[in-house]
Amino acid sequence: GIQVEQSPPDLILQEGANSTLRCNFSDSVNNLQWFHQNPWGQLINLFYIPSGTKQNGRLSATTVATERYSLLYISSSQTTDSGVYFCAVKVADGLTFGKGTHLIIQP
Amino acid sequence: DSGVTQTPKHLITATGQRVTLRCSPRSGDLSVYWYQQSLDQGLQFLIQYYNGEERAKGNILERFSAQQFPDLHSELNLSSLELGDSALYFCASSVSLGNKGYTFGSGTRLTVV
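Quick mapping for you: the protein sequence lines, in order, are chains A and B.
Mapping of the first sequence onto our numbering: residues 1 to 107, in sequence order.
Mapping of the second sequence onto our numbering: residues 108 to 220, in sequence order.
Quick caveat, the hints were computed from the structure, so don't treat them as lab data.
Honestly, I wouldn't trust all of these hints.
[Unchecked claim] In silico negatives: residues of chain B with every beta carbon more than 12 Å from chain A:
1. Thr114
2. Lys116
3. Gly149
4. Arg170
5. Leu195
6. Val219
[What the hints assert, rightly or not] Some, not all, of what chain A presents toward chain B, calculated at C-beta under 10 Å:
7. Asn31
8. Gln33
9. Gln37
10. Gly41
11. Leu43
12. Ile44
13. Tyr48
14. Thr66
15. Tyr69
16. Phe86
17. Ala88
18. Leu95
19. Phe97
20. Gly98
For each residue, glycine too, the CB sits at the ideal point set by N, CA and C.
Input sequences plus hints: build the corresponding full structure.
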């Protein structure tokens, strides 16, 4: 099946810093989504982005489908950005998730 | 509130027992998906229903089954429970078959003792 690799696995930053999270996938996909799992376990859909670039406030994402990677940018980090960020892709059936990037934003 | 409602939020049960997890999708969404999140396996797709019919199966054990009712709510039945079934079970919904823009519920945390 398709492989989804996320990097870095862990990231600790100070409030106000910027970060880039990467997602590599092993095959062509027709669906790529980014999710944030907050410390209470809730999974929040950030972006549906099979290709191109989208922005939502301090967050933006870019997917280069031909090169099989996606990037999630977080600018001016806040403590509420802490949690695990997952990339998920779909080929045929349900979404295949990466292992996530665990982000800690320190005040 | 995401609009996807899962009950119960927490469930503690003994090995060998059977439990039913319930999910009400967001209004207007026809697709319902079930996922399992465990420390060793991560987030894994279990099964998808669309407008009452099973559409796709993932890594769902034979001891597990699901269904979607005419009012579009879905139930995941877990039987002959083992310690390793302890996990967070998520339901998600979307408007179409294509999995665009999933919305997840807050999950049911199952502990098997």
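Hints numbered earlier in the text: which of these fail when held up against the supplied structure? 2, 3, 5, 14, 15
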